[in-house]
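Modelling step: build the complete structure from the supplied sequences, incorporating the hints.
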Amino acid sequence: MQGKSGIYKFIMNQRLVIIVLVLIIVLSIVRPAFLRINNLRNLLLHISTNGIMAIGMTIVLISGAFDLSIGSVMSLSGIIAIMLLPYLGLVFSILVASIGGAFCGFFNGIIITKGKVNPFIATLGTMVLIKGLCLAMTNSEPISPDSDVFGVIGWGEISGIPNPVIFLVMISIAAWFILKYTNMGRNIYSIGGNEFSCRLAGINVNKYKVIYFTFCSFLAALAGIIVSSRANIGSAVLGDNAPLIIIALVVLGGTSLYGGRGTIFGTILGLLIFGLIDNGMVLLGIYSYYQFIVRGTIILFVILADTLIGERR
Amino acid sequence: MSNGKLEKRWKLFLNNFLSNYSIAFVLIIVTIVMSVISNRFFTISNLFNMLRAVSIFGIMAFGLTFVIIGGGLDLSIGSIMSLCMINVILLQPHGVFFSIIITIILGLFAGMINGVIIGKIGANALIVTLSTQILFQAAALIYSGGFNQLGDPDSPFNIIGSGSVIGIPVPILILIGVMIISQFILSNTVFGRRLYITGSNKRAAYTLGIHTSNIVMSTYMISGFTCAIAAIVLSARLTSSQPTSGAQYLFDVFTAVILGGTTLAGGKGSIFNTIIGILLLGVISNGMMVMSVSFSYQQMIKGVILVLAVIYDSYVRERQLAR
Numbered sequence: 130m131q132g133k134s135g136i137y138k139f140i141m142n143q144r145l146v147i148i149v150l151v152l153i154i155v156l157s158i159v160r161p162a163f164l165r166i167n168n169l170r171n172l173l174l175h176i177s178t179n180g181i182m183a184i185g186m187t188i189v190l191i192s193g194a195f196d197l198s199i200g201s202v203m204s205l206s207g208i209i210a211i212m213l214l215p216y217l218g219l220v221f222s223i224l225v226a227s228i229g230g231a232f233c234g235f236f237n238g239i240i241i242t243k244g245k246v247n248p249f250i251a252t253l254g255t256m257v258l259i260k261g262l263c264l265a266m267t268n269s270e271p272i273s274p275d276s277d278v279f280g281v282i283g284w285g286e287i288s289g290i291p292n293p294v295i296f297l298v299m300i301s302i303a304a305w306f307i308l309k310y311t312n313m314g315r316n317i318y319s320i321g322g323n324e325f326s327c328r329l330a331g332i333n334v335n336k337y338k339v340i341y342f343t344f345c346s347f348l349a350a351l352a353g354i355i356v357s358s359r360a361n362i363g364s365a366v367l368g369d370n371a372p373l374i375i376i377a378l379v380v381l382g383g384t385s386l387y388g389g390r391g392t393i394f395g396t397i398l399g400l401l402i403f404g405l406i407d408n409g410m411v412l413l414g415i416y417s418y419y420q421f422i423v424r425g426t427i428i429l430f431v432i433l434a435d436t437l438i439g440e441r442r
Numbered sequence: 123m124s125n126g127k128l129e130k131r132w133k134l135f136l137n138n139f140l141s142n143y144s145i146a147f148v149l150i151i152v153t154i155v156m157s158v159i160s161n162r163f164f165t166i167s168n169l170f171n172m173l174r175a176v177s178i179f180g181i182m183a184f185g186l187t188f189v190i191i192g193g194g195l196d197l198s199i200g201s202i203m204s205l206c207m208i209n210v211i212l213l214q215p216h217g218v219f220f221s222i223i224i225t226i227i228l229g230l231f232a233g234m235i236n237g238v239i240i241g242k243i244g245a246n247a248l249i250v251t252l253s254t255q256i257l258f259q260a261a262a263l264i265y266s267g268g269f270n271q272l273g274d275p276d277s278p279f280n281i282i283g284s285g286s287v288i289g290i291p292v293p294i295l296i297l298i299g300v301m302i303i304s305q306f307i308l309s310n311t312v313f314g315r316r317l318y319i320t321g322s323n324k325r326a327a328y329t330l331g332i333h334t335s336n337i338v339m340s341t342y343m344i345s346g347f348t349c350a351i352a353a354i355v356l357s358a359r360l361t362s363s364q365p366t367s368g369a370q371y372l373f374d375v376f377t378a379v380i381l382g383g384t385t386l387a388g389g390k391g392s393i394f395n396t397i398i399g400i401l402l403l404g405v406i407s408n409g410m411m412v413m414s415v416s417f418s419y420q421q422m423i424k425g426v427i428l429v430l431a432v433i434y435d436s437y438v439r440e441r442q443l444a445r
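Taken in sequence, the protein lines are chains A and B.
Here the first sequence is numbered in my numbering, starting from 130 and rising by one per residue.
Here the second sequence is numbered in my numbering, starting from 123 and rising by one per residue.
Derived by calculation from the structure, the hints in this document are not laboratory data.
No incorrect hints appear here.
Facing chain A, a subset of chain B residues (Cβ under 8 Å, in silico):
{"no.": "1", "residue": "243"}
{"no.": "2", "residue": "246"}
{"no.": "3", "residue": "376"}
{"no.": "4", "residue": "428"}
Keep in mind it's a predicted model, so treat the numbers as computed, not measured.
For every residue, glycine included, the Cβ atom is placed at its ideal position computed from N, Cα and C.
Right, dumping it as structure tokens:
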């Protein structure tokens, strides 16, 4: 009996890893093409930009807040980078674009901490504001860069590994390290767990919250530059679907919407599940409308399972 | 002497007004500014225009008010609306009345799916409605084959969208009707009072013997119902439906409800608040249209106003707490 419950516990704790493995095994049996290097490369490329944003979102969600504006920030940074490219050159235009994105997060953080506004509403407002800014900057038309230099970020590769994947790996390792070994990282959990007692313990909650939002938007800006570079286009609607999908996959990875719980590793697993499902559906040739149905159903079932298991504990 | 007293009273009144009706105050100021800037703004025909424009998301905002008072969130309203729009146009050949009834049932049913999962099983509202949003959107796309559906331009169905009774357009009458019924339910029924208790403290409500799961489930059904009504009005007005047209209303609906001062924490909020929110959003959009501001700047200005209004509101509430 003891052993049985031990195995049960193990399965329950590692259920995301098991889902990933099952998906990989099933896909490689049903469609052997899945295991080709090209397809795996594609899969990683497909998830890398979402992954970069998901890591920022994980941090914000753990701290008990919420960011809906990342999609707009993503569009904005791509547009800024492309617009400044002829004047500043590649490196500086990217730098300005990511600083611009990070500033949006700083702005969010200030509104939420100083203005004491609910993060959901505040970022809903900045989402529209920034999107309007994007539309105004581009005259509601997609813009594309004149030179091919810009494509390097998204299309380049180092010894066979595409740049975006390298970015994702580096950022997730850095985020994991920050969460685990630094004061700032540990404070994320305590602020998310109980903000009030953190204030009493003398932690400068407001400062940290602003930092988290800035970091999240910075990563969104980075993802936006990569996506724009790959698509060779800057558009105000580029990131429209991003926030909801990102939040869904972060929560799928075990991060609590109420703050205080979550890991980078979990987010990566959630990301892999989403990526595998997307990739699998394309390999299986499922019509795109039905892909929505499958995706929605899977999120729904995961949430249901999570709720039911949580209740039983 | 009495002058000083009067002044004190006036100050007290102003203070109370500003803290309790801060957004209403913003609405008045914005209206005054708009009417000074443009002389075409403050006319009856423009008023009707504005109200007709807000009627679609206004109807849904009343439904969402119930959900938010109950402590929930509904992100699937746009998709439910799209699905209902497709349904009501596709069923037109079977009779106007039949199509309306089936659409309302469809809206209630979609809301019930949300309600059962969130209310009965207790899953997180945000994620559940996020995934049902994807599901209903996909259902609308599959149902319509991804194409716009055209209705019959001569059908009596179109009266709902473009007809008028004693000079008042039907959509506005429907908006007012939904408003009165919602207000009645919230303030004069047992359900309404139980809803407020459930929203502010679910556990306490449960201990008091209230079936909180049923209350929460009904709020989502009400929301689905209002989505169906809004879908019927919009498709009657356009005599057509697009499988993705509901998505654009999601932001407006949320903005209206939250601008009005209904807090996302639940337990607070009223239909009056939501009306103020709806009108403020309508006045801003309409005013910008009258001043012929381009669409991209409209978006930006709307965002700025939302952020400012929310900061102002929380500032006022903070000061109220401090006193």
